[in-house]
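Chemist: Here the protein sequences come in this chain order: A and B. According to the working numbering, numbering within the first sequence proceeds without interruption in unit steps and concludes at 492. According to the working numbering, numbering within the second sequence proceeds without interruption in unit steps and concludes at 591.
For the record, the hints were derived by calculation from the structure and aren't laboratory data. Any given hint could turn out to be false.
[To be verified] Which residues of chain B face chain A? A few of them, derived with a C-beta cut under 8 Å, are:
(1) Ile-495
(2) Arg-497
(3) Ala-516
(4) Leu-519
(5) Val-526
(6) Leu-536
(7) Cys-541
(8) Ala-568
(9) Ala-570
(10) Gly-578
(11) Phe-580
(12) Pro-584
[Stated by the list, open to error] Using 16 Å as the maximum straight-line C-alpha spacing, the simulated EDC-like pairs for lysine to aspartate or glutamate come out as follows:
(13) Lys-535(B) with Glu-299(A)
(14) Lys-562(B) with Asp-101(A)
(15) Lys-265(A) with Asp-234(A)
(16) Lys-265(A) with Glu-253(A)
(17) Lys-22(A) with Glu-5(A)
(18) Lys-285(A) with Glu-253(A)
[Said to hold, decoys possible] So these bits of chain B aren't anywhere near chain A, every CB distance computed over 10 Å:
(19) Asp-514
(20) Glu-522
(21) Glu-576
All values reported here derive from a predicted model rather than from experimental measurement. A virtual CB, placed ideally from N, CA and C, is assigned to each residue, including glycine.
The primary structure of each chain is shown beneath.
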Amino acid sequence: MSSEELWRLPAAQLAERVRSGKLAAAAAAESGWEGPARVWERDVHAVVHEAASARARAAAAAPRDGALAGVPVLVKDNLCTLDYPTTCGSRILEGYRSPYDATVIARLRAAGGVIAGKGNMDEFAMGSSTEFSAYGPTRNPFDLSRVPGGSSGGPAAAVAYGLCPLALGSDTGGSVRQPAAFCGVFGLKPTYGRLSRYGLVAFGSSLDQVGLFARHAGDLALLYGVLAGPDPWDRTTRGAPAPDVSAWDAGVEGLRFGWPANLWKEGVDAEIVEALESAAADLEKAGARRVPFDFLPGEYAVATYYLVATAEASSNLARFDGVRYGFRDREATDVRSLYTRTRSAGFGPEVQRRILLGTYALSAGYYDAYYVTAQRARTRIGREYAQAFEKCDFLLMPATPTLPFRLGEKTSDPLAMYLSDVFTIGANLAGIPGLSVPRALSRGGLPRAAQLLGPHDSEAVLLRAARALEVRGDRGRMGRAHHQEFAWPTKR
Amino acid sequence: MSISREDLERIAELARLEIPADRAEALRLELSAVLSFAEALRKLDLAGCEPSQFAPSGVPMRVDELDGRKLDPARATAGAPESEDGYFIVPPIVDYIEP
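Okay, chain A solo, but in the shape it has when bound (with noise of 0.2 Å):
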């Protein structure tokens, strides 16, 4: 098979070539670079650092009976990487190497995969569109002039437009599924605490999680059993073993979904619904039952959101300051002006205004007020799911309000922007696992989801439900804005 098509392949095929010999690891590592992607990435930029050198002397190291062997993975610029700096999309870390591996990727490598190179992303992941990027924008494969989501919009890109098949983003508040959505690919953010967290820079820390991208379900069931499970260097891990996810093709005969539709009444594109309905028609074909109910309205959730996690971020980012990492402002002559002259030229617009809305926050007269009723809010919107979740096996809910927006149209109305976020914030306050999955295009050629969102600990559940809804669905194809079309190939 020529590297032309070898970049079509599935993660768990192009692995298996490594293992059984037929395929050196260093051209399956390489594939991607050599189908369409040398030519898309110059239009798409989902990549910020990446060298063929790296990924040569990846491949040379990795072991060739691993589960992911020879795969080329991205990962988002916020994961600690040996080989690539680690940026965050930030001037503030211009140049900033780490001295180690993240968790996960240590456990990419041991499993055999090899690191593509780095994903960009909205600026310490805050953001929704990957705009907010030091780098410059990233670009929708499926329309230039719109965003991929974000904030791992790199990443997301990637793995629909053939760079690699697998891909790792992290999500705080919707940041794998919105992105995954906007870009026809699967996006899982695993229940908190199942993938470690050490070497993920950080930004809200009760929140946070390393999410996956794939272009099939059985892909994303592999990468999470490499990923997932305690880690001694990540106090927040779940001590118990992580869900055994192996049986992501054993159908959803029998499950019940929640159908929660007060929440699309309005405010939610036509297209979007109609989508839903027909993953719900689906799920019912391969014998699950709905039920429905009624939820409580999102925009909640999305102000609970703005106080905790930009008050986690407030805390965060105060170790950005011209000391220990990356930029320094050469003009601060005292301690006091380093701090504000490198944080004030380092940080980008959207991040200084999240470290002062959560500064606000949590400052004297303001906590109770802002902090602690949202904390409270928060105990209030984990109850929802709980209740929900004594009603049916997961909920089924759009990933997003609308079809992926155009560049520039959010970016200077925050509010807008943040309220894209609202069907994939509930999940993170919860602390539930949440997943994206790809349906048919829209009319006009974009991408539409459905988004999945389980009980802690229900990757089995979502995963086998995204694999029922895989195998019906009709994604629909690849490359208008290239004049170049292909399906991505879903039965089995």
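Based on these hints, arrange chain B on the given structure of chain A.
Modeler: This is chain B only, laid out in the frame that chain A set:
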């Protein structure tokens, strides 16, 4: 809820950020809009809801134990803008005062 100019200056000081004069009013309005939106939480019935700092997990976190890995100071400081012999270099913190 509207943030005053004084509030904005105070939180910028706390956050160690300088706000350019020509950005201050726009920023004040943007932050006020988000806080006004957050006022919606007042409509939510929070009776019996204690504040939660972390996502409810239902599963205890693992026992904290280290595996002996150590990071060499020279490597730990190598990514800093200025370092020497495993130390971070910063501008003077205390002025020298003649005794």
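Chemist: Evaluate each hint against the coordinates.
Modeler: Right, here's what the structure says about each hint:
The beta carbon of Ile-495(B) comes within 7 Å of a beta carbon in chain A, closer than 8 Å, and the hint placing it at the interface holds. Evaluation of the Arg-497(B) hint against chain A yields a violated restraint, the C-beta minimum of about 13 Å exceeding 8 Å. The interface hint given for Ala-516(B) is violated, since its Cβ lies 11 Å from the closest Cβ of chain A, which is over the 8 Å cut-off. Restraint check, Leu-519(B) versus chain A: the minimum CB separation of about 7 Å is within 8 Å; hint holds.
Residue-level restraint check for Val-526(B) holds (minimum Cβ-Cβ distance to chain A is 6 Å; threshold 8 Å). This hint holds: Leu-536(B) has a C-beta 6 Å from the nearest C-beta of chain A, less than the 8 Å allowed. The closest approach between the C-beta of Cys-541(B) and any C-beta of chain A is roughly 4 Å, which is under the 8 Å cut-off, so the hint is satisfied. The closest approach between the C-beta of Ala-568(B) and any C-beta of chain A is roughly 6 Å, which is under the 8 Å cut-off, so the hint is satisfied.
For Ala-570(B), the suggested interface contact is upheld, since its CB lies about 6 Å from the closest CB of chain A, less than 8 Å. The interface hint given for Gly-578(B) is violated, since its Cβ lies 12 Å from the closest Cβ of chain A, which is over the 8 Å cut-off. Taken as an interface hint, Phe-580(B) checks out: its beta carbon lies about 5 Å from the nearest beta carbon of chain A, inside 8 Å. A distance limit of 8 Å between C-beta atoms decides the matter here; for Pro-584(B) the minimum to chain A is near 7 Å, and the interface restraint holds.
In summary, the hint linking Lys-535(B) to Glu-299(A) is supported, as the alpha carbons are separated by about 11 Å, within the 16 Å threshold. Proposed proximity of Lys-562(B) and Asp-101(A) is supported: the alpha carbons are some 13 Å apart, at most 16 Å. Between the alpha carbons of Lys-265(A) and Asp-234(A) the distance comes to roughly 41 Å, so the proposed pair goes past 16 Å and is violated. In summary, the hint linking Lys-265(A) to Glu-253(A) is not supported, as the alpha carbons are separated by about 28 Å, beyond the 16 Å threshold.
The straight-line distance between the Cα atoms of Lys-22(A) and Glu-5(A) is roughly 15 Å, inside the 16 Å bound, and the hint therefore holds. About 9 Å separates the Cα atoms of Lys-285(A) and Glu-253(A), which keeps this hinted pair within 16 Å; it holds. Against chain A, the non-interface label of Asp-514(B) holds: every CB pair exceeds 10 Å, the least being about 13 Å. The Cβ of Glu-522(B) does not lie farther than 10 Å from every Cβ of chain A; its closest approach is about 5 Å, which violates its non-interface assignment.
Against chain A, the non-interface label of Glu-576(B) holds: every CB pair exceeds 10 Å, the least being about 13 Å.
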